[in-house]
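Trainee: The chain contents come next:
Number of protein chains: 4
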Amino acid sequence: MADDAVSSCEFRVRYGETDQMGVVHHRHYLVWCELARTDHMREVGVSYRELEEQGLKLPVVEACVRYRQPARYDDPIRVRCWVRDVRSRQVSFGYVVERADTGTLLATAHTSLIAVDSRHALTTIPPAIRARLVATPDPVRI
Amino acid sequence: MADDAVSSCEFRVRYGETDQMGVVHHRHYLVWCELARTDHMREVGVSYRELEEQGLKLPVVEACVRYRQPARYDDPIRVRCWVRDVRSRQVSFGYVVERADTGTLLATAHTSLIAVDSRHALTTIPPAIRARLVATPDPVRI
Amino acid sequence: MADDAVSSCEFRVRYGETDQMGVVHHRHYLVWCELARTDHMREVGVSYRELEEQGLKLPVVEACVRYRQPARYDDPIRVRCWVRDVRSRQVSFGYVVERADTGTLLATAHTSLIAVDSRHALTTIPPAIRARLVATPDPVRI
Amino acid sequence: MADDAVSSCEFRVRYGETDQMGVVHHRHYLVWCELARTDHMREVGVSYRELEEQGLKLPVVEACVRYRQPARYDDPIRVRCWVRDVRSRQVSFGYVVERADTGTLLATAHTSLIAVDSRHALTTIPPAIRARLVATPDPVRI
Chain H
-13 MADDAVSSCE FRVRYGETDQ MGVVHHRHYL VWCELARTDH MREVGVSYRE
37 LEEQGLKLPV VEACVRYRQP ARYDDPIRVR CWVRDVRSRQ VSFGYVVERA
87 DTGTLLATAH TSLIAVDSRH ALTTIPPAIR ARLVATPDPV RI
Chain Z
-13 MADDAVSSCE FRVRYGETDQ MGVVHHRHYL VWCELARTDH MREVGVSYRE
37 LEEQGLKLPV VEACVRYRQP ARYDDPIRVR CWVRDVRSRQ VSFGYVVERA
87 DTGTLLATAH TSLIAVDSRH ALTTIPPAIR ARLVATPDPV RI
Chain F
-13 MADDAVSSCE FRVRYGETDQ MGVVHHRHYL VWCELARTDH MREVGVSYRE
37 LEEQGLKLPV VEACVRYRQP ARYDDPIRVR CWVRDVRSRQ VSFGYVVERA
87 DTGTLLATAH TSLIAVDSRH ALTTIPPAIR ARLVATPDPV RI
Chain C
-13 MADDAVSSCE FRVRYGETDQ MGVVHHRHYL VWCELARTDH MREVGVSYRE
37 LEEQGLKLPV VEACVRYRQP ARYDDPIRVR CWVRDVRSRQ VSFGYVVERA
87 DTGTLLATAH TSLIAVDSRH ALTTIPPAIR ARLVATPDPV RI
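Protein sequence lines, in the order shown, are assigned to chains H, Z, F and C.
With the numbering used here applied, the first sequence corresponds to residues -13 to 128, in that order.
With the numbering used here applied, the second sequence corresponds to residues -13 to 128, in that order.
With the numbering used here applied, the third sequence corresponds to residues -13 to 128, in that order.
With the numbering used here applied, the fourth sequence corresponds to residues -13 to 128, in that order.
Chain H with its partners taken away, still in its complex shape (with noise of 0.2 Å):
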């Protein structure tokens, strides 16, 4: 049940996701949640896409990460992501983000979502969509 409840998605760290330092920029990270986000709705049967186009859409209104160690150009990298919290009109995420090869913490973060319709309104997530994005306990400290 734990291990079902975290997903898990992988990728090689862009060239342009670098900056001057050398490593990732910091903006990035939430790019690579999004990422692992969308693709955890999508292992439990939740479309990001499908419920855009049916009207719903989940903004982020809080956003944290906290950066560990630098990821660098080519770095294979994986990033963990579960359902922290889930009510009525709000969804939480947690993330972990590390390095695909050796395992490294690079990062932890936490997002939380609000349900809006098309026009932007606060709404209720559907009970269909809720029921699936169950919450598990943080796996590690973020």
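By construction, these hints were calculated from the structure, which means they are not laboratory data.
Wrong hints could be hidden among the right ones.
For chains that are exact copies, the list does not tell them apart, and a pair is met inside one copy or across any two.
Unchecked claim - Below, computed lysine to aspartate or glutamate pairings styled on EDC-like, alpha-carbon distance capped at 20 Å: (1) Lys43 - Asp(-10); (2) Lys43 - Glu(-4); (3) Lys43 - Glu29; (4) Lys43 - Asp87; (5) Lys43 - Asp61; (6) Lys43 - Asp25; (7) Lys43 - Asp103; (8) Lys43 - Asp60; (9) Lys43 - Asp124; (10) Lys43 - Asp71.
Given the structure of chain H, go ahead and fit chains Z, F and C onto it with the hints provided.
Mentor: Relative to chain H, chains Z, F and C alone:
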């Protein structure tokens, strides 16, 4: 007349626009051209924001950039922009990217855009808009 | 004094900063904060460009953003920035992102940065630099 | 031979790559081409990461993209890449961007890169590298 037809916008290179080569990553020049193009349109009385609100979009169908000298973090940049050609359904812009302080040429570029409606179907540029997008000869070889 | 301690920078939302939700993608607020932070440093006499040229880098080790209202294409944006805390090896900044025309609050944020040398090893912020990075109480709740 | 000379890489469109037009922002195709190019080089035995570690960099000096059909969020993308021309100090690549599922043509592109050393001075591509970058005729008209 010639001078009026070439607009100019200035800004500084952002840190996050650099890559590990220590210079601006080449994709950002397209963002700078977009900035210069919408500034140019605003100056001749065409708000691209309003165009989109009215259902007209101008997606880029061709973009070419020649990179001549690297731009670096914090450099003051000037982008000069002009209309190269305007037709019923298409408009092309030219760009010169240069150091704002020394005038050093950094890049030249040109882009072509087509007019589409809110369903992404090809449409015509309204005559009132087209009348403001006056083509001018290239001020430099691009 | 309090006013001097909070810097302010303004710019317009770029088209490429929006996403298909029709608002600014959340990662760009980190770029805006970086812009405000380096502007703030420049105003108090610390050029981040020169710091890096001298071998001192300030990578972000923590970043948190609370998104309150969406920003849209072409909106005039103001980011106010201040030092929250400075220690021998770490400095934290606070940020308020707002509409430059109406003053509407769009987001608040804070980031922590550590000092590293050219080999990415932890180092101390030189006293002359640290003396200029004067902490001030948060002007708003962030 | 012809087939070997054209590499292929696949990925999905990221949410943050879209803009408010509801399609992928045109700058990201340059990032995709870069991804395809470094994959292509890796497949023929040239690690761009190692090249840079040895002091050889290949900055882009020209990039042209023709956008034919828009790419959308979550679309499966394939980029095919090949060497168009290789000289002592310069190498050019061609690209076809297409839907990975339907094969629909989305864009074609070409880029030219020059060889520079760690001080950004023009240099020659080492013969051992050049021997692996074998040019092939364009598989499609670009």
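Trainee: Hint compliance check: list the failing hint numbers for this structure, sorted ascending.
Mentor: 1, 2, 4, 9
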